[in-house]
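Knowing the structure of chain F, use the given hints to seat chains A, W and Z on it.
Number of protein chains: 4
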Amino acid sequence: MAVNFSCQRRVEFCETDAAGIVHFSSLMIYMEQAEHALLRSLGLSVALSATSHSIWPDPVLHWPRVRAECDFLSPARFEDNLLCLVSVARLGSKSVTFRHLIQSGRTDIASGSMTSVCCQRKNAQSDSVGSLIGIEIPADVREKLNQFLT
Amino acid sequence: MAVNFSCQRRVEFCETDAAGIVHFSSLMIYMEQAEHALLRSLGLSVALSATSHSIWPDPVLHWPRVRAECDFLSPARFEDNLLCLVSVARLGSKSVTFRHLIQSGRTDIASGSMTSVCCQRKNAQSDSVGSLIGIEIPADVREKLNQFLT
Amino acid sequence: MAVNFSCQRRVEFCETDAAGIVHFSSLMIYMEQAEHALLRSLGLSVALSATSHSIWPDPVLHWPRVRAECDFLSPARFEDNLLCLVSVARLGSKSVTFRHLIQSGRTDIASGSMTSVCCQRKNAQSDSVGSLIGIEIPADVREKLNQFLT
Amino acid sequence: MAVNFSCQRRVEFCETDAAGIVHFSSLMIYMEQAEHALLRSLGLSVALSATSHSIWPDPVLHWPRVRAECDFLSPARFEDNLLCLVSVARLGSKSVTFRHLIQSGRTDIASGSMTSVCCQRKNAQSDSVGSLIGIEIPADVREKLNQFLT
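Chains as they are written, first to last, in our numbering: chain F, 1 to 150; chain A, 1001 to 1150; chain W, 2001 to 2150; chain Z, 3001 to 3150.
If we strip away everything but chain F, and leave its shape as in the complex, we get:
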């Protein structure tokens, strides 16, 4: 049975554009923020480590985003209270794809999906994000993400 993580997000003024509606890039940012809230709910604190700049509890894990796609279904406006639903659409050996739906009341505002790859630095001394290699998602992280697999 599909289980979604959900959180709420109010449209802020600076996220609107001169067409009077929320800019498409802000809707995709809401999706990222919902992913981060889901991770926090799993105890996967995505706080940046001061020494590693990783966005995962274990400093050796990085999750660069490799794909994002979004359909914009209805406009949202300043101060709308949006419901952001997120689930795990696919849990690969090295990657995770989140599925997103943003709603305003009964109206679907946007749906999309975003994929990140689990990575480690080639060289632990370097903090260059460029020198990453994909690794298998650790079992404990996989188990937690599995709760939201639909």
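Don't take every hint at face value.
Stated by the list, open to error - A few chain F positions that, by computed beta-carbon distances, are all more than 12 Å from chain W:
(1) 29
(2) 91
(3) 108
(4) 112
(5) 117
(6) 140
(7) 144
Stated by the list, open to error - Derived list of chain A stretches under chain Z, where covered just means 3 residues or more per stretch with a C-beta under 8 Å from a C-beta of chain Z:
(8) 1008-1022
(9) 1101-1114
It is worth saying that the hints were derived from the structure and are not from the lab. These figures come from a predicted structure and were not determined experimentally. In this text, a Cβ means the ideal position worked out from N, Cα and C, and glycines have one as well.
Coordinates of chains A, W and Z only, in the frame set by chain F:
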């Protein structure tokens, strides 16, 4: 023969994130800015009309974005000089899909596509973006966009 | 006795920069968002009117920002839970100055102030923001804002 | 005699808000971008070092922003071509204050100033931005900035 419109974009500091690279949402914003630059190059001034808030010369035309997708191929960093290439991938009767490629030197940073629908207000007195209906792309606009069809 | 309005704000990933801390512009945006939350708490719905694009319940009122200043006291990082305090520092006949303080635990992150002027359009038919003239703040709005005057 | 550094900046769509004008935070971001362009013009490449995340050629120098202030004088709109003028208002022993003016044709859009402090990490092994101490601006950097002192 494929003809691309191109423009350059330097990565600004506020567009980077704590991972030390440009945030994915900024890459998609660069794509939108490349579309707007392409439209300007065609004499299709996308300036907002003070009375209609349309983003097209004719106040009765609106182009809400209905889909965006993007693959993030390599990280870009502060002050990188990016080349943004854009062409028209599909020119439907009522919609246009732009294809995008962002490069840093010989490295592909991101590729994607974004689709907008040609719309008109149901009621010319209203400036509500919500009350739009899709219409056929006018012949003169279609002819101009056709130059970048690949 | 000084009365502050307060709200909480978590630092989102896209608001950080490559220095690993929240970008200064995001701190000033948090201040604007705290103002809007204060206004909502007063029943001054700042929703945009579809016909007027005013950010005030009465369509004839506009509040363009005329000044902002901010001291950045300590860095804030991704996922920090910030407390945003806002009060009314000065209630002029035509303008309001909000005073802001952002804290992370017992650490002051930023303090500042922002001033807006109460305006009306010269011509009600036009929705051009440029053609505004300053007017006296209406008595009922003044009375509400007065609650947060320090 | 006052010498200003100048650069041009077009207002992008995502930088406008539902009031139909450029958001105040974008004007302050334009000022930061003009500072970075001034620094580049001096050969002070502000590229982030992969190992230090400093925003200065010498990895041991950091320039956290400590104050920003801005007066918003006239609205700017989508696709306006703005001229950004920046000079050095004050060159202290440890800090630099840039003075900014943004113009659209003959109209002043915004004026302001922003102050940064020259810093070094207390501990070269740490990349924590929080553990910085102010240091004297190096002579060669001071000499270069001095060209724009007004």
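* To do: Enumerate the violated hints, using their earlier numbering and listing them in ascending order.
  => Hints 1 and 9 contradicted; others consistent.
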